[in-house]
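Between the sequences and the hints, there should be enough to build the whole structure, so can you do that?
As you go down the protein sequences, you meet chains A and B in turn. The first sequence: position 304 = 304 (the working numbering), numbered continuously. The second sequence: position 9 = 9 (the working numbering), numbered continuously.
Hint data in this document are derived by calculation from the structure and do not stem from the laboratory. No experiment lies behind these values; they were computed from the predicted model shown. There's no promise every hint is true.
[What the hints assert, rightly or not] Below, in silico cross-link-like pairs of lysine-lysine (DSSO-like), each with a Cα-Cα straight-line distance of 27 Å or less: (1) B:Lys4 to A:Lys32; (2) A:Lys299 to A:Lys309; (3) B:Lys80 to A:Lys102.
Residue strings, one per chain:
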Amino acid sequence: MQNLARQVLKQDIRAIARSISLIENETDITQKEALIDTLHPHCGNAIVWGITGPPGAGKSCLLDRFIEHLRQDNKTVAVIAVDPSSPFSGGALLGDRLRMQKHATDDGVFIRSMASRGHLGGVAGATADAIKIFDAAGFDYVIIETIGVGQTEIEVMELSDIVLLVLVPGLGDEIQALKAGVMEIGDIFIINKKDLDGADRLKSEVEYVLSLKDSIESDSKHPICMTSATQNDGIGNALSQINSYFAGLRDDGRLAQKRKERIEKELKHIATTKIMASANRFLNIDQRLNGWVEEVFQKKVSPYKLLNKKIGDFLQEINWQ
Amino acid sequence: MMKKIRILIAKPGLDGHDRGAKYVARALKDAGYEVIYTGIRQTPDAIVKTAIQEDVDFIGLSLLSGAHNELFPKVVELLKSKNADDIIVFGGGVIPESDIPGLKENGIRAVFTPGTPIKDIIAYIESAK
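The following block contains the structure:
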């Protein structure tokens, strides 16, 4: 493991790729944890963007343009492009990198397609740890492209320093923009396909929603950028808005705050998963489930009563006060 | 969680006929594999770099222009030069029967010509994985 971590730190492409598979497959949890623990001191230097929006908004095309510009500045870029796994076959067709394939032979760009493998929230379960691998390997930027989202897939917010929300005209009226969920997580709003009808109206609707938000929050204003990725229009402007927004976050301490919140969520998540796993082992839930289902079905016991008793027995056994 | 088989479906060379490649990509997804599709007109170098970044187990090459004798072995050669020849390469497309032995000698492990039922490709992947 030390060896794999060492190779990741040396930016060995194969080692990075294999580390991500190790995390995704979870075939060896101990090895996975050792890898992440070894890399942890080397993390925290990359700028992490999340790029999200509805399917077909142009996330991959935009990202392709952003990579072009970042490479002109000699920045190295790692991309984690998430697409959904089939709930039926478990397979996935990962096609995001098709739009970015012109960077395939550029050693300063690493693109990894990732299937969601049943994880909800717009990213994959392995995304958080994959970010760390790229970060430790020294990439200047790590960019997560989410699956095409609806309204509630907002986990990317918990993984990135900055969320770029890509919108396109024609998906609904201003009430959609007022709703809770994905509209609330954008730091930067990008209206792509700006040459289409309705782009200006969408812009004024988003401005309206943000004016309500910005009057409540005291932090900096959320920029709205108009782009056309296919025509390579507005990309430079969007990039400079993103960069100055990020500089603002970094300089007034909000970035550190965000990253601490990220760690807090991560720790909670690890704790919950591990406690669940050991409780499951003790309660033998999987094995006993059939019996319990039958009891509840026949109304011999109610669900809360049953599980409160089982968990009570468990806590007594381990002498939990 | 189990290890998932990952497969890169790629079209080297200059022909733009991707119906077959897309069909295979879609069918392999339905068979439960994670399929990375990179589209048409890929150089062998781009294909090999993609395969390594994506840590795939297989590369499926599709070619209908007749350049298979040149481009398929080039992919295998580049994989070797990057110590990544554990990645299995198979091919498909309009390939004359007489070219198949030569391709196999050059490290293309299986060749599927037009009319091959998809279950044959799946059976091959299952036996080789």
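Hint consistency between A:Lys299 and A:Lys309 [alpha-carbon to alpha-carbon, up to 27 Å] | 16 Å, holds
Restraint status (C-alpha distance of B:Lys80 to A:Lys102 at most 27 Å) | 23 Å, holds
Is B:Lys4 close enough to A:Lys32, meaning Cα to Cα at most 27 Å?
-> This hinted pair holds, its Cα atoms lying about 16 Å apart.
The structure meets every hint from the earlier list without exception.
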